[in-house]
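Student: Based on these hints, arrange chain B on the given structure of chain A.
Number of protein chains: 2
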Amino acid sequence: MAKKRNIIVGQSGGPTAVINSSLAGVYKTAKERGFHKVYGMLHGVQGFLDEQYVDLSTQIHSDIDIELLKRTPSAFLGSCRYKLPEIHENPEIYQKLFEIMEKLNIEAFIYIGGNDSMDTIKKLSDYAIIKGHTQKFLGVPKTIDNDLALTDHTPGFGSAAKYIAASTKEVIRDALGLNYKKESITVIEIMGRNAGWLTGATALARTEECEGPDAIYLPEVVFDIEKFLKNTRELLKKKNSVVIAVSEGIKIADGRYVCELSGGSDYVDAFGHKQLQGTAAYLANFLGAEIGCKTRSIEFSTLQRSASHMASRVDVDEAFMVGGAAVKAADEGDSGKMVVIDRLSDDPYQSNAGIYDVHRIANHEKLVPRSWVNKDGDYVTDEFINYIEPLIHGDYQPFMVNGLPQHLVLKRKQK
Amino acid sequence: MAKKRNIIVGQSGGPTAVINSSLAGVYKTAKERGFHKVYGMLHGVQGFLDEQYVDLSTQIHSDIDIELLKRTPSAFLGSCRYKLPEIHENPEIYQKLFEIMEKLNIEAFIYIGGNDSMDTIKKLSDYAIIKGHTQKFLGVPKTIDNDLALTDHTPGFGSAAKYIAASTKEVIRDALGLNYKKESITVIEIMGRNAGWLTGATALARTEECEGPDAIYLPEVVFDIEKFLKNTRELLKKKNSVVIAVSEGIKIADGRYVCELSGGSDYVDAFGHKQLQGTAAYLANFLGAEIGCKTRSIEFSTLQRSASHMASRVDVDEAFMVGGAAVKAADEGDSGKMVVIDRLSDDPYQSNAGIYDVHRIANHEKLVPRSWVNKDGDYVTDEFINYIEPLIHGDYQPFMVNGLPQHLVLKRKQK
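Residue numbers (the working numbering), protein chains in the order written: chain A, 1 to 415; chain B, 1001 to 1415.
The set of hints was computed from the structure by calculation and includes no laboratory data.
For lysine-lysine, the following DSS-like pairs were computed, each having C-alpha atoms within a straight-line distance of at most 27 Å: (1) Lys411(A) x Lys1237(B); (2) Lys294(A) x Lys1083(B); (3) Lys96(A) x Lys1181(B); (4) Lys1239(B) x Lys411(A); (5) Lys83(A) x Lys1181(B); (6) Lys1181(B) x Lys411(A).
The following block holds chain A by itself, in its conformation from the complex (with noise of 0.2 Å):
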């Protein structure tokens, strides 16, 4: 057998809460198969180009460094958002992204990303194969909106709907305390910009001592304002604290973004998404003026992808998987394909890495069937939560030091 090179690895896009057990996973089984040199590319394909990059034995000493970095949340590596363009618009970037691979003695290209990382790995390996280059570019999912096409489900989304769901669990409580001969209402905001994954996920926290949100509000489902207060009175009828969960991403009939409404940001980012925030604080003034009850927005941000002390242990272990299992379909001759996550039963809940070709996932965006959704647009179906359910299960204790989950830091410059 030919002794083997080196591989490399990144990270791309919004952060998750496991996206570094996944790093762990491909570190492991890259030295478990013996490649040479693992090494990890900074900020992703930007940084790469800048020939950004450390070997990874610099960073991870110990079998205890692989399970603190599995309790990390965010891009060890650091990220990007970073689109590449296509190729025959520029072919410079590609020689040079080669000229580097080549130069590292790269065998396997391993990429940690949503939507838009496995479109980097699918121009990757297309040049590859037109240029006649022997580089194996793999994928591996993440995102914690849930919306890669043909796997079950991305690592990061069950430990971000975990984080959600218990979370709601103390806010719902919280609310409740200080209700007695008054109303309030609260609107939780959650992330996803046009899957309602997440925000469905608030559903979890209908459990044997929680009543879970009143009312639930999916992107899917064209927002109407009208029927909200209307629906929103009818439950103060029959409670005296109401919690709502919205996702960032309602848009009313017009098209417009709820959160567009009340003249939010404008900022806009390097894959041209616009910046959402406030659609909660929209929604809680616009039930206060008009129900005239006290009226709380509360936004998860970016806690809901960063809480690795409340990650799924589900989670955190296929994201280690589907790490592990880029690696050895690289290994095996395998490029321009993503890992993906094949579930095998529910009950009990049984999941295995399977393998599908880039081209047929870059770019789809998985939406949550109007079916699962109640007819009112208003309420998550049993369907949905029986299929998000087993992803919550189980924890990773963090490693507490002075009272605080400790993390694995790259020992790098700042600026």
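Tutor: Chain B alone, transformed into the frame defined by chain A:
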């Protein structure tokens, strides 16, 4: 020894993650000391005036229920924000309260709460002395704000501080991941209208692997927005990702809250309602406009007082201890007093329960001493950190059921 009569306990004011641990301490100690029945007033004195109460033995059936109660956030019995009138203003209310107590054969009245609640204890014990009633009135401190005088710190503060510090670490990690070749500013807003104890707790995020927040602004120091802008620009020269913690209660020199400054025409919504945004949102928008980089605001909101899943063991245990100590004091004949926490040593941290006359405590607000904030007014000192650091140590693992923390919940109708 005469046969013991009954005892009643209530909860008042804003909830905390450990207010129910004090309730558990009251219940357990009352049972152990031979009180006949332990009643819980629903929604504090306000509900008690409507004869809303439960026999706690119908709610707590086992030791595991007591452990669950210690892990349940927000007021189990319901809370209220109700200030008793002065005795001479409305003696009828006092008559009514004592009639209900006589009817229920109450020997001791325990009230878990903050400044306003200690005022209730003071007035009731004064009234009892004036009128020759024999009931004992004892206060148990509770507030995340840590603004009660004479106690070293308040139960509820340590857990809020721990949640804030842990979440700040996660927010810093998250913000760092995505800032290659660009700058970003995150402004975190923390509760505490007048007292900056919780905002200062973000400094605990400065650990061996985390730089902590880059600046901290407490309400005890006048907020100078030009100096704030200048300081933030300086920070951006040194690093790409700047994270700033501010109290919701910071005020500019003319006495206005920073969050009031956003009342301008920019924030009038489609319905013509003036939108009063938060402090962090205002400052993030301000910095974004002045500096031109990406900014984000994050409010920890009610999660900081309800995240029992991240409670401090020191805090849960001390909350339990002061609940029990209040019962013991009442049983031994004390009245008109509040139990306090005395710190015996810093390292190893040790504390015990002391007791103070509630006339010395009620309605005094304990602020962060100016000497515990640095000269520039943008960070806390080592003395501050050494004071709060022991209070976040240790954990109570939540009881996880189907992937989520379980709570003990009162069986009652909602409306």
